[in-house]
Amino acid sequence: MFSILNLNIFNNNLFVIPFSLSFPLKMIIGIIILISAFFIGDFLAKKTEEELKPGKPYFKIIIYLSSIGSIISLILRSDVLLFTFLFIIIVTSRSLFYKNYKKVH
1 MFSILNLNIF
11 NNNLFVIPFS
21 LSFPLKMIIG
31 IIILISAFFI
41 GDFLAKKTEE
51 ELKPGKPYFK
61 IIIYLSSIGS
71 IISLILRSDV
81 LLFTFLFIII
91 VTSRSLFYKN
101 YKKVH
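Take 1 as the starting number for the sequence shown in my numbering and just add one per residue.
If you're looking for bench data, these hints aren't it; they were derived computationally from the structure. Predicted model only: the values in this text are computed from it and were never measured. Any given hint could be a false lead.
[Said to hold, decoys possible] Cross-link-like lysine-lysine pairs, in silico, DSS-like; alpha carbons within 30 Å at most:
no., residue 1, residue 2
1, K46, K60
2, K47, K60
3, K56, K46
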């Protein structure tokens with residue numbers, strides 16, 4: 001029986017994909033997506049400048065929880081969760097520190 005979602009996170013396959021990618025190709029795709037997170041974070045910060053100040057404490061909480069999640073995903077050896085949490089950390093931190101970055105450049 002083919003299932004789209006496999007909830008057993010300990011076997012390193014959180015999502016079942018109908019085709020198999022090699023490990024280096026998965027890493028390259030993940031790194032490209034993480035690099036795009038920098039641009040997405042800057043774009044969101046530009047478009048939502050008025051929401052950044054009131055949401056600052058929540059952004060810090062999101063970064064903190066995502067950092068914990070990325071450490072746990074390293075322990076569980078789940079690449080999908082690791083890249084997801086790292087993506088969230090990058091986008092949120094770029095949005096959080098956008099004003100400081102804009103003043104420097």
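How the hints compare with the structure:
Among the hinted pairs, K46 with K60 is consistent with the structure: their alpha-carbon atoms are about 18 Å apart, no more than 30 Å. Distance restraint check for K47 and K60: the Cα-Cα separation of roughly 19 Å lies within the 30 Å cut-off, and the hinted pair is therefore satisfied. Of the supplied pair hints, the one linking K56 and K46 holds, its CA atoms being roughly 15 Å apart against a limit of 30 Å.
Violation of the numbered hints given earlier is absent; every hint is satisfied by the structure.
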